[in-house]
Amino acid sequence: MHTIKVRINGKDYEDEVEPRLLLVHYLRDKVHLTGTHVGCDTGNCGACTVFLNGEAIKSCNMLAVQADGAELTTVEGLAKDGALHPVQEAFLDKFAIQCGYCTPGMMISALALIKSNPNPSEAEIREAIEGNICMCTGYEQIVDAIAHAASLMRQSRSA
Amino acid sequence: MLNFDEIFVTRNYFGKPVRRNADTRFVKGEGSYVDDLNMDCVYAGFVRSPHPHAKLGRIDTSKAEALKGVLAVMTGPEVAAVTKPIGSRAITRPTRQHVMATGKVRYVGEPVAIVVANDRYTLEDALDLVEVEYEPLPVVVELDDAMKADAPLIFEEAGTNVLLDDTLTHGDIDGAFRDADLVVKEQFRVQRFSSTPLENWAIIAKYDKGTDSYTVWSNCQQPGRSIVNISGCLGVSSNKLRFIVPDSGGGFGIKLALWPYAVAQCVIARKVDKPVKWIQTRREHLLTGTHTPDCIVDLELALKKDGKVLGLKIQDRQNDGSFVHTAGIYNLIKFATMVGCYNIKATQAHMMSIVSNKAPTVQNRGVGKPVMIFTLERLMTRAANQLGIDPAEMRFRNFVQPEQMPHTTPSGEIYESGNYPETLRTALKNVGYEEFKKQQADLRKEGTYIGIGLSASIEPGTSNLGYYYTSRGTPEYMGNAEGAIVTMDYDGNVSVLLGSVDEGQGHATSVGQVIADMLAFTPDRVTMNTRMDSLMSPFLGHSGCYANRFNDVDMGACIMATKKVRDKVLKLGAHMLKVPESEVTLKDGTVCWKKDTAKAVTYKEVATVAYKQILLLPPGVEPGLKEVAYYKNEIAKLPNKENFNVQMTHSNSVHAVVVEVDTESGMIKFRRYVIVHDCGRHINPGIVDGMAIGSTVHGIGTVLLEEFIYDENGQILTTSFVDYMKPLAVGLPRFELQHLESPCPTSLLGTKAVGEGGAIGSLAAIANAVEDALTPFGVKVTSLPITPEKVMRAIRETKVI
Chain A
1 MHTIKVRING
11 KDYEDEVEPR
21 LLLVHYLRDK
31 VHLTGTHVGC
41 DTGNCGACTV
51 FLNGEAIKSC
61 NMLAVQADGA
71 ELTTVEGLAK
81 DGALHPVQEA
91 FLDKFAIQCG
101 YCTPGMMISA
111 LALIKSNPNP
121 SEAEIREAIE
131 GNICMCTGYE
141 QIVDAIAHAA
151 SLMRQSRSA
Chain B
1 MLNFDEIFVT
11 RNYFGKPVRR
21 NADTRFVKGE
31 GSYVDDLNMD
41 CVYAGFVRSP
51 HPHAKLGRID
61 TSKAEALKGV
71 LAVMTGPEVA
81 AVTKPIGSRA
91 ITRPTRQHVM
101 ATGKVRYVGE
111 PVAIVVANDR
121 YTLEDALDLV
131 EVEYEPLPVV
141 VELDDAMKAD
151 APLIFEEAGT
161 NVLLDDTLTH
171 GDIDGAFRDA
181 DLVVKEQFRV
191 QRFSSTPLEN
201 WAIIAKYDKG
211 TDSYTVWSNC
221 QQPGRSIVNI
231 SGCLGVSSNK
241 LRFIVPDSGG
251 GFGIKLALWP
261 YAVAQCVIAR
271 KVDKPVKWIQ
281 TRREHLLTGT
291 HTPDCIVDLE
301 LALKKDGKVL
311 GLKIQDRQND
321 GSFVHTAGIY
331 NLIKFATMVG
341 CYNIKATQAH
351 MMSIVSNKAP
361 TVQNRGVGKP
371 VMIFTLERLM
381 TRAANQLGID
391 PAEMRFRNFV
401 QPEQMPHTTP
411 SGEIYESGNY
421 PETLRTALKN
431 VGYEEFKKQQ
441 ADLRKEGTYI
451 GIGLSASIEP
461 GTSNLGYYYT
471 SRGTPEYMGN
481 AEGAIVTMDY
491 DGNVSVLLGS
501 VDEGQGHATS
511 VGQVIADMLA
521 FTPDRVTMNT
531 RMDSLMSPFL
541 GHSGCYANRF
551 NDVDMGACIM
561 ATKKVRDKVL
571 KLGAHMLKVP
581 ESEVTLKDGT
591 VCWKKDTAKA
601 VTYKEVATVA
611 YKQILLLPPG
621 VEPGLKEVAY
631 YKNEIAKLPN
641 KENFNVQMTH
651 SNSVHAVVVE
661 VDTESGMIKF
671 RRYVIVHDCG
681 RHINPGIVDG
691 MAIGSTVHGI
701 GTVLLEEFIY
711 DENGQILTTS
721 FVDYMKPLAV
731 GLPRFELQHL
741 ESPCPTSLLG
751 TKAVGEGGAI
761 GSLAAIANAV
771 EDALTPFGVK
781 VTSLPITPEK
791 VMRAIRETKV
801 I
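Chains as they are written, first to last, in the working numbering: chain A, 1 to 159; chain B, 1 to 801.
Keep in mind the hints are simulated off the structure, nothing from the lab.
Keep in mind that a hint or two might mislead.
Stated by the list, open to error - BS3-like mimics (lysine-lysine), calculated; alpha carbons at most 30 Å apart, straight line:
no., chain 1, residue 1, chain 2, residue 2
1, B, K28, A, K80
2, B, K305, A, K5
3, B, K271, A, K30
4, A, K5, B, K68
5, B, K438, A, K30
6, B, K438, A, K11
7, B, K438, B, K305
8, A, K30, B, K305
9, A, K115, B, K726
What the hints assert, rightly or not - Covered stretches of chain B, going by a simulated chain A footprint (3 or more residues, C-beta under 8 Å):
no., segment
10, 33-40
11, 295-307
12, 339-351
13, 499-505
14, 529-538
15, 557-566
Beta carbons: idealized from backbone N, C-alpha and C, even for Gly.
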């Protein structure tokens, strides 16, 4: 067993973990942050995407011990003081959720894009979520929601 | 039937794109899917057969049992010894199959043992420690082999691998082919594929000693039937099984038949006396139990020179793998959809469900409808080309006309509404059909190959469940219906329980809109618990989320229960206002006097009388404001081979697609994708658009990417999303979607089927476009998927995809 220290959504955790424990299972089963989902075994679907030290990563492709010392943000960390994050508002506004299972990972990937590219084109949005599979929507409303989120975030920055 | 105008008091929310605020939990990561339930579970997993066909020998569980953290191991034969066999629904031959392998294994991945351990990781170790002896048997993989006279039998007791073999003839089919100027026929092959919900199957089973009863939590799509099946296999009364469906990460039909796993888990949960959780992995999901049947369809059209279709014959051979519960279902749905949008007077359907050493099949979005419309619409275009008639014109000449509605097909389907010519006219206009032809000729000269494809399809909804038994007598289930409980609470707000479940369609929002307009208040005052719980929710054997039925019977049950509550609120309100009941109405969450709306009592005040100040109730009125209603679609006919309606509502659409085929790489690129869809009235256009587009992308995956591939030894080669490719955001077109509105006269709201449409209409439209693009190369499309490799081979050598 190994001891790891991580900061998740602004809160510090210290836990004993097996070396083979996947980061996604650490988040879900140990910390009980179940918003991060598992949809495949191979890193294709992106339902487990979280921020690790500011970078969007797939938490099923990483061991918990590799995250020792890292700062993580999961979907549960997006809303602040009870107010939804603009990306969350945008996903609701544009009907970008159906079953909701891909939504957390999709929103993290969207935010990673908007951080580096505040005004992405449709093609750039589509490319940015290539690592996230949605089985329900056919992506169109998600693409629209991400453009909408970027717009909301630009507005709030200029305000 | 309640009149549409009698349903609503206001029209503030019905038909508007109301935001899905009822599902805010999903954007906050606060959904509650089965694996999220925090209840001190232990973990179950299955040892699965590596052989496609083998006698099951000794199973040595001792090493696994000795591993620290392992709680129990049970073999397939041990589970079979305490459970009853699985029932079949559509096939006619005798078969015997249990929830796990016993005696022999019939496909790669069949469960032979169940293991329970304290955590997921110990479980994986333990699964590797179970030693199973197999004696391999000859393998049958493909349809052609399974049908040979000397083929090894999958179910010996059936005496054949053909478990359903039935022919249904309606109208003068011999006359139609005798009078034909031309017969056009083709053989089509469609692969195995799956809509693969992003959340895999998930089940928790718990046994309670004190009450000698079971509780099952699962992401099952069809709780009504699963309760019957699970309690039946366990041999317990259905009141000894509590069934709960929390949030579910997509369904598409794939979660209709997960119940055999719940049976095995109940058995072992009783042994370990702890809640037992099984979370299927993606590999397991793709390996077993989630496939459509692959099939060979021979279709024949009898035509006059002017393009009029006189008759239609289908021979449908489908490879149903090795699961008797669902075998044969696709055949029967194809039969029921076979004339599509056309006024064809004579049909013959020869249906064969064939078993093999492939994995079980399950209902997938649209079941047999996508393949039926694919083959029909391919052949309509083929026939048009042979007759020198434009493919669009060919369809206009054969459509059921709007003034002919309601139209009864030869076998008894009742098309209640729709304007098929207008749907096609709109699509042709939107895609610029005539201009396209000029553009196509110019581009060909430059070596750019573009093509246009059309398909016109019906999208039936609400199955009349007896259809499974058209081949074998009295059905266990008939018609279709749903139950709802609507409660006005102490505060004058409303809560709703439904027997059905939500797989992501936003039922809570749609129901909130309708009830808000029925009660003249706001949707935020309506709460719907979409987590079906058999202890609380009203349900029937039909209950579930399938067959496009929500907008019909589910909504019908909600409306009728709300109507009962409303009637009582009006009665109490009138009594409290001391005016006649005929003189009160509803406004802004109050019961008020029509002559002076300021004279009003709020719903909360009414509820106070109903629940607390019950001595103030009018004489003879019961306390409380909770009502249950069950609603059935009235047009279902009794099962009967001669005249039977398998589906009860009929949406329709036209897809008009322009593709460009790269003749150097075989890649297919979308240039335009036009959809004109008519599903009657919309409750929430934002939700309808999402389903129309989402289902179309399922079709695109089917046509271009997805295939479960087996080698000749019966080993499946596609068990991850690396090998089994799904559509991604890149490479998809921006859809040009337009809606027409032909209200359904037989559903309360005029709404019709929504969920499956694109998955039905897209296959033929894209295939027709590819064939059109490749006309200069003489390439014909007769199979799916249309992969770059197949395109290149066809261009260079075979001329057939």
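Hint-by-hint comparison with the structure:
For a cut-off of 30 Å, the pair hint linking K28 (chain B) to K80 (chain A) stands: about 11 Å separates their Cα positions. Pair hint K305 (chain B) plus K5 (chain A) does not hold up; C-alpha atoms about 79 Å apart against a cutoff of 30 Å. The straight-line distance between the Cα atoms of K271 (chain B) and K30 (chain A) is roughly 27 Å, inside the 30 Å bound, and the hint therefore holds. For the given pair, K5 (chain A) sits about 28 Å from K68 (chain B) by alpha-carbon distance, which is consistent with the 30 Å threshold.
Restraint check for K438 (chain B) and K30 (chain A): the C-alpha separation of about 64 Å exceeds 30 Å, so the hint is violated. This hinted pair does not check out: K438 (chain B) and K11 (chain A) have alpha carbons roughly 64 Å apart, beyond 30 Å. Taken as a hint, the K438 (chain B) and K305 (chain B) pair is honoured in the structure, with Cα atoms around 27 Å apart against an allowance of 30 Å. For a cut-off of 30 Å, the pair hint linking K30 (chain A) to K305 (chain B) is broken: about 72 Å separates their Cα positions.
A hinted pair counts as satisfied when its Cα atoms are at most 30 Å apart, and K115 (chain A) with K726 (chain B) qualifies at roughly 27 Å. For the segment 33-40 of chain B, the stated coverage by chain A holds: 4 residues have a C-beta nearer than 8 Å to a C-beta of that chain, and at least 3 were required. For the segment 295-307 of chain B, the stated coverage by chain A is not satisfied: 0 residues place a CB nearer than 8 Å to a CB of that chain, which falls below the threshold of 3. Restraint check on the segment 339-351 of chain B versus chain A: 0 residues with Cβ-Cβ distances below 8 Å, three needed, restraint violated.
Requiring three or more residues with a Cβ within less than 8 Å of a Cβ of chain A, the coverage given for the segment 499-505 of chain B holds, as 3 such residues are present. Coverage of a stretch by a chain is defined here by at least three residues with a beta carbon nearer than 8 Å to that chain's beta carbons; for the segment 529-538 of chain B and chain A the count is 0, and the condition is violated. Counting residues of the segment 557-566 of chain B whose beta carbon lies closer than 8 Å to any beta carbon of chain A gives 0, which falls short of the minimum of three for the stated coverage.
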